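Required output: the full structure, derived from the provided sequences and hints.
There are 2 protein chains.
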Amino acid sequence: MLSKNQIKLIKSLSQKKNRQQLGLFTVEGIKGINEFLNSDFQLENLYTTKRIFDIVNHQVTEISEIELKKISTLKNPNTALAVFKTPKSISLKNEGLIIALDDVRDPGNLGTIIRLCDWYGVKDLVCSTNTVDCYNSKVVQATMGSLARVNVTYLDLEDYLESSKANIFGAFMDGENIYNSSLPSEGIVILGNEANGISEAISSKVERRITIPQFGKKQSTESLNVANATGIILSEFRRRTITEM
Amino acid sequence: MLSKNQIKLIKSLSQKKNRQQLGLFTVEGIKGINEFLNSDFQLENLYTTKRIFDIVNHQVTEISEIELKKISTLKNPNTALAVFKTPKSISLKNEGLIIALDDVRDPGNLGTIIRLCDWYGVKDLVCSTNTVDCYNSKVVQATMGSLARVNVTYLDLEDYLESSKANIFGAFMDGENIYNSSLPSEGIVILGNEANGISEAISSKVERRITIPQFGKKQSTESLNVANATGIILSEFRRRTITEM
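Chains D and F supply the protein sequences, listed in that same order.
Residues are numbered in our numbering as their position in the first sequence, beginning at 1, plus a constant of 61.
Residues are numbered in our numbering as their position in the second sequence, beginning at 1, plus a constant of 61.
Hints are not guaranteed to be accurate.
Which copy? The list can't say, so a pair holds if one copy fits it or any two copies do.
Said to hold, decoys possible - Heads up, simulated DSSO-like pairs for lysine-lysine below, C-alpha to C-alpha not over 27 Å straight-line:
1. Lys-72 x Lys-226
2. Lys-136 x Lys-199
3. Lys-226 x Lys-131
4. Lys-136 x Lys-65
Honestly, the hints are just simulated from the structure, not real lab data.
Source: prediction; values computed, not measured.
What follows is the structure in structure tokens.
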């Protein structure tokens with residue numbers, strides 16, 4: 062059984078300011094919840110229509126399908142919704158390959174990029190403060206549980222780049238051909254906003270402008286979607302560690 | 062001014078059976094419409110709130126924002142909606158690199174894959190008959206105009222592969238490492254359904270199983286999203302034509 066206050070609290074977590082104030086966010090679906098249960102994230106409460114989770118009793122509330130529908134952000138809620146605590150502070154390791162996002166706005170894109178970071182073993186994803194919140198339920202959903210394994214840090218990107226000693230790469234339409242460039246196994250790779258790319262202030266910190274060349278007829282001025290570009294760039298950086306040893 | 066019948070016809074195009082029966086589909090937004098106007102696709106009608114298109118008068122209807130809202134499938138309609146004719150039949154060229162989709166269901170994924178084919182100069186995209194319709198408005202929207210430049214053919218994929226003389230590749234979780242494999246500049250690359258991958262019947266036609274290796278901790282059994290996998294695989298095939306000449 063869910064109380065009115067519980068419903069109100071969970072629904073309030075759809076807003077960023079409430080997530081930040083309460084230090085909580087929601088995860089939906091068995092698979093995603095299990096990924097977070099198997100990570101360093103701390104569970105606050107779990108609401109489920111089936112007793113399928115192997116965790117201590119007082120944190121679990123059995124609810125009806127109708128109740129789940131009330132608290133879910135999904136059209137077709139999937140068995141369970143969990144409330145987890147947002148990590149207090151994540152310490153940036155500042156080593157290996159780091160992806161930096163300058164004002165990425167679409168939750169699906171951020172979620173997909175987190176999933177790609179997980180796949181390609183990128184531990185740190187740094188985001189400008191105006192990048193969409195990674196605890197937004199659409200982002201969490203799109204990560205398919207990968208958010209449990211990638212550290213996402215929001216910071217002043219200009220300051221961060223200014224103080225970093227790493228090689229700084231940026232994805233542009235007019236950079237050096239990524240396939241022919243020498244790429245190190247460490248460094249920061251910046252990807253920009255869906256409509257405007259990397260901002261001028263951040264561009265000025267970039268040491269090497271890289272580009273994914275177009276193979277089509279070049280009739281179009283369109284760029285690749287930022288999540289696809291991230292995947293292809295990560296693939297190129299990681300490939301070098303295998304094929305250029 | 063829009064008549065009731067016009068509104069009814071346009072709205073009916075949200076259903077695949079009506080699109081097929083009438084041989085029509087819709088494109089929204091100035092950029093996308095211009096891409097189709099500059100292609101071989103034939104315009105049926107254009108409805109716009111601003112006189113910004115350089116085309117013959119009788120095909121253009123000026124409408125109000127309120128009318129546009131009535132016929133649009135978007136939350137925030139963008140200036141214009143055009144009705145184009147679906148091409149009667151597209152002849153498969155059967156040359157170069159061909160992407161084949163086995164039962165891809167998500168409109169956003171298909172749209173993104175069409176955009177990637179355009180970027181990487183893939184002229185033919187072949188789809189199993191149960192793959193989502195490329196004239197679905199969400200697909201058209203996600204292609205960002207690229208659909209005007211990529212031939213999408215729906216066919217019996219098993220028969221097609223059976224009769225093809227090309228090298229047949231398939232993306233699997235357990236194939237050869239794509240980064241170390243020799244990849245030709247021509248061939249067919251199959252990608253499968255979001256949840257189930259490539260079906261058994263289609264798998265049996267695959268000559269070379271390829272995989273994008275995971276660089277993370279391998280804690281997860283999750284695969285990459287099919288559109289991301291397509292982008293990375295296309296990148297690898299095309300890279301070879303540059304760096305292995």
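Going through the hints against the structure:
no., hint, verdict
1, Lys-72 x Lys-226, "neither (42 Å within a copy, 56 Å between copies)"
2, Lys-136 x Lys-199, "both (12 Å within a copy, 18 Å between copies)"
3, Lys-226 x Lys-131, "neither (49 Å within a copy, 54 Å between copies)"
4, Lys-136 x Lys-65, "within (21 Å within a copy, 31 Å between copies)"
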